[in-house]
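Number of protein chains: 2
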Amino acid sequence: MDPENLPVINNYLDANEPVSSEACLSRMHFHDNQRKVDYVLTYHYRKRGVQPGLGSPGQSLAIVSNGETGKEPHAGGHGDIELGPLDALEEERKEQREEFEHNLMEAGLELEKDLESKSQGSIFVRIHAPWQVLAREAEFLKIKVPTKKMYEIKSEGSIAKKFNELLQTLSSPLKPRVPEHSNNKMKNLSYPFSREKMYLYNIQDKDTFFDNATRSRIVHEILKRTACSRANNTMGINSLIANNIYEAAYPLHDGEYDSPGDDTNDRKLLYREWARYGVFYKFQPIDLIRKYFGEKIGLYFAWLGLYTSFLIPSSVIGVIVFLYGCATIEEDIPSKEMCDQQNAFTMCPLCDKSCDYWNLSSACGTAKASHLFDNPATVFFSIFMALWATMFLENWKRLQMRLGYFWDLTGIEEEEEHSRPEYETKVREKMLKASGKSVVQKLGTNMTENEEEDDEDKLTWKDRFPGYLVNFASILFMIALTFSIVFGVIVYRITTAAALSLNKSTRSNVRVTVTATAVIINLVVILVLDEIYGAVAEWLTKIEVPKTEQTFEERLILKAFLLKFVNAYSPIFYVAFFKGRFVGRPGSYVYVFDGYRMEECAPGGCLMELCIQLSIIMLGKQLIQNNIFEIGVPKLKKLFRKLKDETEPGETDSTHSKHPEQWDLDYSLEPYTGLTPEYMEMIIQFGFVTLFVASFPLAPVFALLNNIIEVRLDAKKFVTELRRPDAVRTKDIGIWFDILSGIGKFSVISNAFVIAITSDFIPRLVYQYGYSHNGTLHGFVNHTLSFFNVSQLKEGTQPENSQFDQEVQFCRFKDYREPPWAPNPYEFSKQYWAILSARLAFVIIFQNLVMFLSVLVDWMIPDIPTDISDQIKKEKGLLVDFFLKEEHEKLKLTDEPAQRSLGGGRRSTSRAPSSAPSGRSQPGSIASSGSQHTNV
Amino acid sequence: MDPENLPVINNYLDANEPVSSEACLSRMHFHDNQRKVDYVLTYHYRKRGVQPGLGSPGQSLAIVSNGETGKEPHAGGHGDIELGPLDALEEERKEQREEFEHNLMEAGLELEKDLESKSQGSIFVRIHAPWQVLAREAEFLKIKVPTKKMYEIKSEGSIAKKFNELLQTLSSPLKPRVPEHSNNKMKNLSYPFSREKMYLYNIQDKDTFFDNATRSRIVHEILKRTACSRANNTMGINSLIANNIYEAAYPLHDGEYDSPGDDTNDRKLLYREWARYGVFYKFQPIDLIRKYFGEKIGLYFAWLGLYTSFLIPSSVIGVIVFLYGCATIEEDIPSKEMCDQQNAFTMCPLCDKSCDYWNLSSACGTAKASHLFDNPATVFFSIFMALWATMFLENWKRLQMRLGYFWDLTGIEEEEEHSRPEYETKVREKMLKASGKSVVQKLGTNMTENEEEDDEDKLTWKDRFPGYLVNFASILFMIALTFSIVFGVIVYRITTAAALSLNKSTRSNVRVTVTATAVIINLVVILVLDEIYGAVAEWLTKIEVPKTEQTFEERLILKAFLLKFVNAYSPIFYVAFFKGRFVGRPGSYVYVFDGYRMEECAPGGCLMELCIQLSIIMLGKQLIQNNIFEIGVPKLKKLFRKLKDETEPGETDSTHSKHPEQWDLDYSLEPYTGLTPEYMEMIIQFGFVTLFVASFPLAPVFALLNNIIEVRLDAKKFVTELRRPDAVRTKDIGIWFDILSGIGKFSVISNAFVIAITSDFIPRLVYQYGYSHNGTLHGFVNHTLSFFNVSQLKEGTQPENSQFDQEVQFCRFKDYREPPWAPNPYEFSKQYWAILSARLAFVIIFQNLVMFLSVLVDWMIPDIPTDISDQIKKEKGLLVDFFLKEEHEKLKLTDEPAQRSLGGGRRSTSRAPSSAPSGRSQPGSIASSGSQHTNV
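Read top to bottom, the protein sequences are chains E and S.
With the UniProt record's numbering applied, the first sequence corresponds to residues 1 to 936, in that order.
With the UniProt record's numbering applied, the second sequence corresponds to residues 1 to 936, in that order.
Bound-form chain E, shown alone:
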C-alpha cells in the first residue's frame, strides 16, 4: 500500500471519512479498507507521450465508483486523463473499456483503479460488489444459502453407528485439521436466496454472508453478461479478453498461503492441510476445497480422491496376484519343461541366413518371467477389475449424490449459457454476408439476446459443414499418422534386429536392445504427439464453432480423448493382439519390404512383451508428464517471465517491489485453464489400469503411487501456482463419466481378448483337459510346437555356418500345424481349430458373464444412497414447516399494517422502488431477452 500515492475518493460508503494512512490488515480491499475486492480486471496501456502533471500525488488514483444516485460518475473519471496522441487501436480499446466499465457501474458494481500515470503499464480495475448487487444476483442465480434452521442428520442403526464411531476414531489422524461445518451431525437447511425472505437467513454481517467464492462468482456472472456496444456488441468479459481489450480477469485469492503470521485464511489452511506432500496420507478437506474453489473443482478432487482410494484394494489384490505368480513359478510345469536341458527342442532359426537353430531351453528365463503374469490368478483378477470398475462408477454416482446433498446442489438447473465470442463473430459474418446492411440493423436490436431467432442468425449445419469436414479429415489423418508411426517403429524393430543379428558381437542381446529402444521411441512419440494432439484438438474444436462454452468443452474433450487414446494405446494394442500373428511359418514366412521377416514374439509368449510395453509406457508417461510438464514447464515459464520482467524497463515495477498488493501477486500467477488436462491424464491412466490389467496386474499399484503424488501436485498447483479460478457450480463431472463408463465396458472386451488370445491360459486348459494323458500339463510344451522339415527351407534362407551341435532334420516352431509327414503338411491342425474354438468361446462367456455381473452390480447398488434420499425427502418437509413457522413469527412481530404492506411485496419484483434502484434494471434486462421471443 502506498497511501501517499493513492488517496481515496470514496463517494459511496464513507465519503466524508478521512483517508486512513496506516497499514491495512488485508491487501484485498479498496483503498478505504472497507470494500472488499471481489474481482480484478487488468489491461496494459501504452501512451505515446506522458503528461508530466499526471504523475503527481493526489491525482494518480482514478476512482470510478457509482453510488445510490445513479448519476454518471464516468464523466468525472473521464476528465482525469487528457488525451494524448494515442494510436487508433489503443484509443478504440480505451473507449471500449470505458464503456464496459460504465456498464458495470450501471449494474451496481463499484470500481477502483489507478491512474494511467506512466507511459505504459498494467492497470488493475478492482471490482467490489455491494450488498444489494450480491442480494439481487444471488436471487437471480438461485444461490442456495443456509437458513437459520439446523437439523440433525439421521444416524444409522445402532450397530452401524458403533462401527462408524470406531472407524472415525481410527481414522482421526488421517483427517485434515480444518474447521468442519460446526458439527458433522447437523446441517443447515438451505433455501435459494430471496430478498423478500431475508428473515429466513441468519445474516449477521452483510459483508461476510456470502463467502469470497460466491461473491466473485456473482461478479463474474455480471461480467459475463454485461454488453459492450462499441466492441461490436459483444457480450461479456470473455469476448473483451478475446479481443485483447482486457488482458485478464480473475478473482482474488484469500491471501498469501505462506505468510508467516498467525492469521489464517482458507488458502493458508488449504496449503497447510492439503497442498503439501507432507500430508499425503490425509483425507482431502473436500468441503473446504469446494468452498474455496467452487463445486466443479471440488468434484474433481472428490473424484480423484475416490479413484485413488479405490485403487488401494485393487493394488493389494494385484500385488497378491503377482506374488502368487512368484510363488508358483517353480511349480509351473510348462516353464520347467522349457528349462529342462534334456528335453532339447531344436527350434527353427529366428531369422534367415544369419540365425542358427537354437535350443528352447535357452529361453528358460523369459518363460519363467512370463509365468509371473500369465497364470490363472490373472483371469480372476481381470474379472475382479471389471467389477471393480463398475463398483467405482457406481460409488462415484453415490458420492456425487451425497456431495450434491451436502453442497445443496439438488435441484439446481443448468444455467443458461451465453454464446461464445467466436460463435457470435461467425454469426455476424454470416449475416453480413447474407443481406448486407439491412440485416446489420436487425442485428443491433437482437444481438443482446443471442438466442435462436431465424435460420439467419444462427449457424445451421450448412455453415458448419466445412468445419465438420476438416474435423473429420484431420482426425482420420491423425489416427492414420499414429498408426503409421506404430508401423514405423515395427519396421525399425525388424530392420534393426536384422542388422544387429548380422554382427556376431551384438547378436546375443538383440532382442533386449531392440525392444528397449523401440519402446523408448514409442514413449517419446506418445509424449510428443500427446502435446500436439491436444493443441490440434483445440484448433479443430474452434473450427467447429460450437455455440456455448459447454458444448465447446464437450467436443474438445471427445476429440482430445479420441486422439490421445489412440496415441497412447495403439502400440500396446499392436503388441497385445497383432504381434506375432502374421509371421507365417518356416518355409513360407511373411516378408515386409522384401527380405525382412515379420517379427514374432519371444518364446515366452507375447504377454511378457505386452507387460514390458505397458509398464514402460505407463510409468514413463506418468513420470515424465508429472515431472516435466506439470512441475518443470510451469517453473520454466515463471523463470522466463521473471527474466523478461527484468530485462524490460523497470517502470511498472515501482509498486510491485515494495509491498505487492494481492492483485499484483495473483497477476503474476499462471491463469487457470480448466480441468480438462487433469481429467484427461487420469482417464488415460484409468485405461492403463483397466484395459490390460490381465497382462499387468501391477498397474493399479503404480497408478496408486502416482495418484498419491498427483493429488498433492494438483492441489499445490491450484493453491500456489494458479490464479484463483472462478467458482463454477455443477452437479456432476459431465462427459468424463460417460468416457469412464465407456472405458469400463471396453475393458471387459479387451481383457477377454488378452486372456483368450494373448495369454497361454486357454491352450493350457485345453491341453490339460483335452489332450493330456494324465490330466497334468506335462508334455504341454511339446504339444504347442509343430515340426518342420528343414530340407523344405527355401533356398537361401538356411542358416549359414550352422554351429548347432547336432544334425538337424526337423526343427520346431510354435504353432499348431500338421507335421511334415501328414497328408496335408503345415496346414492348421485340428488342435489349432479346437483351441481357437475354446479361445473364442472363452471370449463370449467372459464378456457376457462379466457384463451381466456389471449390470447386476449397477442394479443392486442404488444410485442415490438411501440415507441421502431419505434426507432429501425429510428436508422438503422441514422446509415447509420452517417457512410456516418463520412467517407466523414475522406476522406476530410486525403487527402494524403499514409494515406488513411494505414487507408483503411479491417475490422478485414488486419491491418498493426506493429500496434498490439498481435491483430493477436486472429483471428488466432478463425480461427483455424473453419478451422478444413472442414475436418470433
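It should be emphasised that the hints constitute simulated quantities derived from the structure, not laboratory data.
Keep in mind that the hints are not guaranteed to be accurate.
When chains are identical, the list treats them as one kind, so a pair holds in a single copy or across two.
[Claimed, not checked] Lysine-lysine pairs mimicking BS3-like chemistry, simulated, CA-CA at most 30 Å apart: (1) Lys162 with Lys462; (2) Lys885 with Lys224; (3) Lys426 with Lys876; (4) Lys433 with Lys873; (5) Lys717 with Lys621; (6) Lys638 with Lys794; (7) Lys542 with Lys873; (8) Lys197 with Lys876; (9) Lys161 with Lys430; (10) Lys814 with Lys144; (11) Lys717 with Lys282; (12) Lys885 with Lys148; (13) Lys716 with Lys642; (14) Lys161 with Lys462.
Given chain E, put chain S in place with the hints provided.
Chain S only, in chain E's frame:
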C-alpha cells in the same frame, strides 16, 4: 333422476333455492344440479330390521355437506338414521365410515348420499370438491395450469416446414376428428397453480377451470391422505377398501359413450374417434386420452402407438426378407442337391429297430421350406432389428420428452407416496410385538405421518427376510417347474414318436403329428401357467410387504416378468439352442429313460422347427389371450354378475331400472386394475419380435396385425368396460423402459446365437470360402454329412425288416465327424472345429458390432428433441417476462394501498384468514408431518 324420491337439502350453494324438479341435463351432479360429482364411494349396508318410516319420500336423502361455517353438519346427518339392531361388525364399519366422511368434510369436500332406506343395498357417497378445495389442493400438488399467455411454437426451417405441411395434408384423413387445443402452433404457457397469482390464469368459470380428470385426481388425493382413527388409524381410502369398509371408490365417467343425442362429451368423442375397430387406421387422439384418463394411461397409449407404428417398417422389411427367401428358393444349391434323387444319400435310421434307412431326398420339402427362413437376408434383417429396437427406444425417449413438454410434465417431482395399508398393518404388528402397549400410544401419535422414525416403526431387512426367502424359493421353484414341464413335453415327444413309429400306418407323418401336438401342449401350458404365475407373483409381492404402491408395482412387474418370460420362452430356447445337440452319433446314441433316443432336428435343420414353434406360440398366445382373456372373460364376468343381480331380490334395483344415474352405470363396470397386464402382453410380444427375429422374419407382421386390433381393444375396454381410472401424473413408463432396453440388449446376443448356432449360415459360408473347389455351394450337403459304417451299429438297434432298396454299407448322418476309415473314427473332424470357430467368431463380431452400432445410434440421437429443448428454454424466459408484465399491470390497476396489502400476501399461507378457513388446515397438516422430524 327421481326428484320425488330425493329432495335436496342444500346448505352451501343455494340453501334457500327451491328444489328443481325438472329433468337435469347431466346425471353427474348433486341433486341441486349445480355441484358436480367428482368422486363416488360405494358401500354395501345391511340392516337386521327395517324402520318403516325411513322409506318415505322427503327423508330418504341423507345429505351431508359442509359449508363455510365450519360447524358439524354431521350431527344432523346422524340423526336421520335410527340405529337398528345391526351386528357388531356392521356397526363398527358404519362408525368408521361416518368418521371418515366427517373427516372428508373437515377437509372441505361436500358429500351427498341417499338414506339407507332398505334392509340392505348399495349406497353411493357422491363427493364434490368446491372451488376453494380445488384451488388449495392444486397449489399443493403443484398442478400446472395454462396461464393467459399463449406463444407460438417455433416452426422448423423452410424446407422442413413445407415437407411437414405436405405430410399433414396427406395424413389428414388419418387424423382423429377431435377438437385440437385451439391451434397446433400455439401453446399456453403453464405455471403451477397458485392462489395468489390468480390474475395469471384465464379463469372464466371456476366450475370448469379444472377439467374432470384433474378434479377427480384432487379428490382422490384427499381421499388417500384422510385418516380414520377408528379404523386402526389407517390412512386413506385404499386401506378402508382393503378392510371392506367401503366397497369401491371411483371417479365418474363424463357421460354415456353411446347416448344417441348430439351432446358430446369427451367419453363419446373418444368412443367415436378412437375406441372402435372402424377407426383402426387413424392416429390416436393422445391429447384427449391424456385429458380424460390422465398422463399414465396417455403414456401407455402413446407408447403402444409408437411401437405399432415402428412395427410397420420392420414388417415391410420382414416381408421382403421372406419374399426374398421365396424367390431364391429355386436357386438354393443345398436344397436342390438334397432334392436331387440322383445324389441318393442313404441316411442312418432315425430310431432304433423300427426305423429304416432313408433317402435324404425324401426330406426335400423341409429343406426347401427351411430356406425361406435360413438365408443370408435374415442375417441383415436381424442386424436391422437390433438397431430397430435401439431406434425405437430412442424415439420413445424423445416422444416422452415431447409429450412431457406439451403436457407440462417437465420439472414435476415425484410425489411422495403414502405407505400401503398392508405395510402399515405389518409395522403395527411388529410394534405391538416389540414392546406392548407403551408403543401403541406412541403409534397413536406417530401414525399420521408414516415416515421413518426409528428402526422400530419401519420394517428392516430382518423383518422382511422370511418374505424374501419365500420369494426366492418360490421363484426358483416355479422356474424349475417351467423347465420340468418343458422337459416333460420333450419326453412326450420322444416317447410318442417312438410309439407312433412302431405302427406302420402312422409312421409316415410321425414328425408332423408329434411336433404339432407338442407345440399345442406347450401353448396350453404357457397360457395356463401365465395366469397362475401372474397370481403367484402378486401373492409373492404381497408377502414382501413393499412400503409404497410404486415399489409394490415395480417388484410385482419384475417378478411377473421374470416368470412369464421364462414360461413363454423356455420351450423356444430349447428348440433354438439345445434340441438335436445331445443326440450322440450312430453307434453311440444318447438315451433318456433307457431306450428312448434323444430327439434330433428335422433334416432341414432346427431353424424350421424353431420357426414353427415361434409362430404357433406367438400367434396362439396373442389370439387366445386377446379373444378369450380380454374379450371373453370380461363378457362372462358381466353376464355372471347380471345373473347374480337377477337372482338376488331386486330390492336395490328400483333406482337402477328406471333411469340409472351415472354412478350406477359406472358401478356396474369392471374396476380398473392397472396397466401391468397390458404392458406385460406387449413386452412379451416385443420379445417375440426381437429375440428370435433371425429365425422368423414374419414376427413383426403378426405383431403389427395384432397391435392394430390391440390398440382399439384396449381403447374400447378403457372407454366402455372399465370404471374411470384415477388420473395419475407420471413422467415416464417407469420400469418398463428398463425391461424393454434389457430385452433389446439380450436380443442381440440371442440373434447372434440363432444365426451362428441354429442356422446353416456359417457352415455354408465356411464351405463356400474354405472347402468348395469352385467357390459355390455345390457339394455342401455331402460335406455336412458324415459316414457311418452300419456294421458298427449296436446289437439290437439295426433296422428290422429293412425294406431299403439297396444294400447299405455306409449310412450318412448330419454331423462333422471323422469317417470310419480314419485313424480315429467318429471323432469330431477338423471341419467341425473350424466351423465351430467360425460360428463363435461370428457371435463375437456380431454382438460387438451391433452393440457398438446401438451405442452409436443411442449417442447420435439426442434424448431431448432439439426443438423441444429450445422450447423449454424459451418457455423459461417467457415465464419471467410474463410474470413481470402481469405484476406491473396489476400494480397499475390496484393503486389503492389497502388493496395492495390485501393482495400482497405471501405465498401459500399468509392469506387473510377470512377468505378460506379450510385452506388453513391443509398446510398445517403437512407442516405437522414435517415438524416432528426435527426431534428425530
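Status of the hints after comparison with the structure:
1. Within a single copy, Lys162 and Lys462 get their C-alpha atoms only as close as 64 Å, which misses the 30 Å cut-off; across copies the closest is 19 Å, which meets it.
2. Taking identical chains as interchangeable, the C-alpha atoms of Lys885 and Lys224 lie at most 30 Å apart only when they sit on different chains, with a minimum of 26 Å there against 39 Å within one chain.
3. In this assembly of identical chains, Lys426 and Lys876 lie within 30 Å of each other by CA distance solely across copies; the values are 27 Å between and 46 Å within a copy.
4. In this homomeric assembly, Lys433 and Lys873 come within 30 Å of each other (Cα to Cα) only across copies, at 29 Å, whereas the closest approach inside a single copy is 55 Å.
5. For the homomeric pair Lys717 and Lys621, the shortest alpha-carbon distance inside one copy (19 Å) is at most 30 Å, but the shortest distance between copies (67 Å) is not.
6. In the homo-oligomer, the alpha carbons of Lys638 and Lys794 never lie at most 30 Å apart, since the shortest distance is 64 Å inside one protomer and 91 Å across protomers.
7. Taking the shortest alpha-carbon separations for Lys542 and Lys873, only the inter-copy value of 25 Å comes in at or below 30 Å, while the best intra-copy value is 44 Å.
8. In this assembly of identical chains, Lys197 and Lys876 lie within 30 Å of each other by CA distance both inside one copy and across copies; the values are 17 Å within and 23 Å between.
9. For a Cα distance limit of 30 Å, the shortest separation of Lys161 from Lys430 across copies, 22 Å, qualifies, whereas the shortest one inside one copy, 64 Å, does not.
10. Proximity of Lys814 to Lys144 under the C-alpha cut-off of 30 Å is found in neither arrangement, the shortest distances being 68 Å within a copy and 74 Å between copies.
11. Taking CA atoms no more than 30 Å apart as the test, Lys717 paired with Lys282 passes inside one copy only; the shortest distance there is 18 Å, against 65 Å between copies.
12. Taking the shortest Cα distances, Lys885 and Lys148 sit within 30 Å of each other inside one copy (12 Å), while across copies they are farther apart (33 Å).
13. Taking the shortest Cα distances, Lys716 and Lys642 sit within 30 Å of each other inside one copy (20 Å), while across copies they are farther apart (83 Å).
14. For the homomeric pair Lys161 and Lys462, the shortest alpha-carbon distance between copies (17 Å) is at most 30 Å, but the shortest distance inside one copy (62 Å) is not.
Hint violations for this structure: numbers 6, 10, all remaining hints satisfied.
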